[in-house]
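Undergrad: Given next are the chains, with one letter for each unit.
Number of protein chains: 2
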Amino acid sequence: MKKFINAADRVVEDSLAGMAAAHHDLIKVHYEPNFITRAGGPVKGKVAIVSGGGSGHEPMHGGFVGRGMLHAACPGAVFTSPTPDQMLAATKAVDGGTGVLHIVKNYTGDILNFEMAADLAKEENIHVNAVVTDDDVAVQDSLYTAGRRGVGGTVLAEKICGAAAEAGADLETVTALCRKVNASVRSIGVALSACTVPHAGKPSFTLEDDEIEFGIGIHGEPGRRRAKHASADELAAMMMEPILTDLPFTKGDHALLFVNGMGGTPLIELYVLFRKAHAIAAQHGVTISRSLVGSYITSLEMAGASISLLRLDDSMTKYWDAPVVTPALRWGA
Amino acid sequence: MKKFINAADRVVEDSLAGMAAAHHDLIKVHYEPNFITRAGGPVKGKVAIVSGGGSGHEPMHGGFVGRGMLHAACPGAVFTSPTPDQMLAATKAVDGGTGVLHIVKNYTGDILNFEMAADLAKEENIHVNAVVTDDDVAVQDSLYTAGRRGVGGTVLAEKICGAAAEAGADLETVTALCRKVNASVRSIGVALSACTVPHAGKPSFTLEDDEIEFGIGIHGEPGRRRAKHASADELAAMMMEPILTDLPFTKGDHALLFVNGMGGTPLIELYVLFRKAHAIAAQHGVTISRSLVGSYITSLEMAGASISLLRLDDSMTKYWDAPVVTPALRWGA
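Line by line, the protein sequences give chains A and B. Going by my numbering, the letters in the first sequence line up with residues 1 to 333, in that order. Going by my numbering, the letters in the second sequence line up with residues 1001 to 1333, in that order.
Hints are not guaranteed to be accurate.
[Unchecked claim] Distance windows between CB atoms, simulated: (1) A:E115 to B:A1167: 49 to 55 angstroms; (2) B:S1315 to A:A7: 52 to 58 angstroms; (3) A:E123 to B:T1245: 56 to 62 angstroms; (4) A:T317 to B:T1317: 34 to 40 angstroms; (5) A:E123 to B:A1333: 22 to 28 angstroms.
[What the hints assert, rightly or not] Pairs of lysine-lysine residues, derived as PhoX-like cross-links and limited to a Cα-Cα distance of at most 25 angstroms, are as follows: (6) A:K2 to B:K1202; (7) A:K46 to A:K228; (8) A:K318 to A:K44; (9) A:K28 to A:K92; (10) A:K180 to A:K202; (11) B:K1092 to B:K1046; (12) A:K202 to B:K1044; (13) A:K28 to A:K2; (14) B:K1046 to B:K1028; (15) A:K2 to B:K1028; (16) B:K1046 to B:K1122; (17) A:K228 to B:K1202; (18) A:K202 to B:K1228; (19) B:K1318 to A:K2; (20) B:K1002 to B:K1028; (21) A:K28 to A:K44; (22) B:K1228 to A:K228; (23) A:K202 to B:K1028; (24) B:K1228 to B:K1046.
[Claimed, not checked] Computed far set for chain B versus chain A, every beta-carbon distance over 12 angstroms: (25) K1044; (26) E1115; (27) P1248; (28) L1329.
Think of the hints as simulated: they come from the structure by calculation, not from any bench. Since we're looking at a predicted model, the values are computed, not measured. Beta carbons are placed, not taken as given, at the ideal position from N, Cα and C, and that holds for glycine.
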């Protein structure tokens, strides 16, 4: 196992310290329990959004803390849910008096812990809503999940809802918007290689030289099937078919196309996938009016990619375009 | 070889088509010869900056085309210099009547071809200056280079000089600034694994399970030595030592610290490296007043990282902070 780490049990804290040093103008890192907030204090009178999950998916979620997106993020150990005390401390730190939205990817541990944190926050008179994201069309249930997994659509939900909160929308409005984004987005992933969790020290699965895992989860959970490796265009078609048919997307839709790298895939390949996914959308009469290409929800150094497609309405488009100032997503301000 | 590609001889064009589809609001892709310009036409009365080099280093340089940074980029085949006709066409397309600066990484092929393009442009009455970047302290000469190689410092030079050109600085001023940035920055890289050039179909070198290449080039060229893999903190110290002593950086300096991934290294590890590099700079009395962390000059899917350190003055800091709107770097506007 060759990684830029000091020890398996120091990866998360060392990385947080690096983030704090690199982005002290944008974020503040809190330890014991670990969470990240914006550099400023809570924003009085505005809804706050908190997310979190296992580490190893960077920049998600810590890289999305900042003006126009998240107010706080709770990083767990690698591929391990954060604990309720992290979520509670983050929730208390960012509550501006008008309620907090928890955006929770659909993994059993995350849901249980965020529910417990919400219960504890309510005892302290903080109004908490939660939205569970479950945009992955690959499998119905999986290793860590009852129902579908929350994947790339979560990035889009956090951006759009963060902008709505910034604009002053109230908790019920931001919550409803988050549910709508989640209901309007579909994703699927493909792995060309496994990743190695530092504590495990060896790859979480093995693939033959000509084999891929179709429908991979962000923790290396099995997908739909092992398949033969194919051209980028064939893989893009394999991925777009279940995405387009599941919602379903229909002629005349406007959509945001997000091609995401899993951590070990170079940008040049993501653009090759984007080209074909964009063309397939056009063939189905779906206009790609917004785009995102890059590694935003990763699985350590896994070689692989996911595609997410979000049906946009005017409100989502407006909030997508709104200014965002975070370590990983930044535009318009 | 498992990659998201269609064929080795289509990688560059397919990727350019993906970029064009994803970023049509920011850039325009031209084919035969291949180059990328800003979506708008030439900016009359302002100096234009053109860069280029082999593909496989994405987002460099195409991802840096846009307001506040490059006016055009010329992508060659993977790890292969672009040709003079690309550079000439790009230069003619973006000249705003007040001259064009070519920023050229120090590789023999790039230099020869940019020189030829500059000569041809001068015949068409376009005033061209060129600055060669050579910030890599690893080796004096190398496989493709007489003198030091141009690496991560080039990203910083393109951002800073792009902002100066945007602000209306004349050609001699932008050229002098580019030379100053190059003279003020030092870089070095480490590889944990090789990358596979699509045409070659196999890794460009092999490393043992406990081995790294210290001083790696961005095309997998040999560095200073093979070394035993070590902790992130030890590797950061090995990298910072030659950087700090070469310029040399001295107590009281303000600097920009850039920790760059080579394409296959996850962000969580880059922050672990950043933490220690930042601490070492502080121990030497160097204040890190600006930061950049991410994969901006890559070697396909190579696992590895480079560190660049740029001594800042007020002018460079101002231009670093200035708005930039490109596919890969975006802030302040």
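Undergrad: If a hint holds in the structure, say so; if it doesn't, say that too.
TA: Hint by hint, here is what the structure shows:
The supplied range of 49 to 55 angstroms is met by A:E115 and B:A1167, whose beta-carbon atoms lie about 53 angstroms from each other. Taking the beta carbon of each, B:S1315 and A:A7 are about 42 angstroms apart, not inside 52 to 58 angstroms as hinted. Range check, A:E123 to B:T1245: Cβ separation about 57 angstroms, and the 56 to 62 angstroms hint holds. Range check, A:T317 to B:T1317: Cβ separation about 35 angstroms, and the 34 to 40 angstroms hint holds.
In this structure the hint that A:E123 and B:A1333 lie 22 to 28 angstroms apart at CB is violated, the actual value being about 44 angstroms. For the given pair, A:K2 sits about 20 angstroms from B:K1202 by alpha-carbon distance, which is consistent with the 25 angstroms threshold. With a C-alpha separation of about 50 angstroms, the suggested pair A:K46 and A:K228 falls outside the 25 angstroms cut-off, and the hint is violated. Simply put, A:K318 and A:K44 have alpha-carbon atoms about 23 angstroms apart, close enough for the 25 angstroms limit, and the pair holds.
Simply put, A:K28 and A:K92 have alpha-carbon atoms about 15 angstroms apart, close enough for the 25 angstroms limit, and the pair holds. For the hint pairing A:K180 with A:K202, the CA-to-CA distance comes to about 39 angstroms; that exceeds 25 angstroms, so the pair is violated. Of the supplied pair hints, the one linking B:K1092 and B:K1046 holds, its CA atoms being roughly 14 angstroms apart against a limit of 25 angstroms. With a CA separation close to 57 angstroms, the supplied pair A:K202 and B:K1044 exceeds the 25 angstroms bound.
Under the criterion of a C-alpha separation no larger than 25 angstroms, the hint pairing A:K28 with A:K2 is inconsistent with the structure, at around 30 angstroms. Under the criterion of a C-alpha separation no larger than 25 angstroms, the hint pairing B:K1046 with B:K1028 is consistent with the structure, at around 19 angstroms. Under the criterion of a C-alpha separation no larger than 25 angstroms, the hint pairing A:K2 with B:K1028 is inconsistent with the structure, at around 39 angstroms. At most 25 angstroms may separate the alpha-carbon atoms for a hinted pair to count; B:K1046 and B:K1122 meet this at roughly 18 angstroms.
Among the hinted pairs, A:K228 with B:K1202 is consistent with the structure: their alpha-carbon atoms are about 19 angstroms apart, no more than 25 angstroms. Taken as a hint, the A:K202 and B:K1228 pair is honoured in the structure, with Cα atoms around 19 angstroms apart against an allowance of 25 angstroms. Between B:K1318 and A:K2 the CA atoms are separated by roughly 38 angstroms; this puts the pair beyond 25 angstroms, and the hint is violated. At most 25 angstroms may separate the alpha-carbon atoms for a hinted pair to count; B:K1002 and B:K1028 exceed this at roughly 30 angstroms.
Between A:K28 and A:K44 the CA atoms are separated by roughly 18 angstroms; this keeps the pair inside 25 angstroms, and the hint holds. With a C-alpha separation of about 36 angstroms, the suggested pair B:K1228 and A:K228 falls outside the 25 angstroms cut-off, and the hint is violated. In summary, the hint linking A:K202 to B:K1028 is not supported, as the alpha carbons are separated by about 44 angstroms, beyond the 25 angstroms threshold. Restraint check for B:K1228 and B:K1046: the C-alpha separation of about 50 angstroms exceeds 25 angstroms, so the hint is violated.
Under the 12 angstroms C-beta cut-off, the non-interface status given to B:K1044 relative to chain A holds; the minimum distance is some 26 angstroms. Once the 12 angstroms rule is applied to beta carbons, B:E1115 is consistent with being away from chain A; the minimum gap is 27 angstroms. In this structure B:P1248 is separated from chain A by more than 12 angstroms, as the shortest Cβ-Cβ distance comes to about 22 angstroms. Non-interface status of B:L1329 relative to chain A is broken: a Cβ of that chain comes within 12 angstroms, the nearest being about 9 angstroms off.
In the structure shown, a violation is registered for the earlier hints numbered 2, 5, 7, 10, 12, 13, 15, 19, 20, 22, 23, 24, 28, in ascending order.
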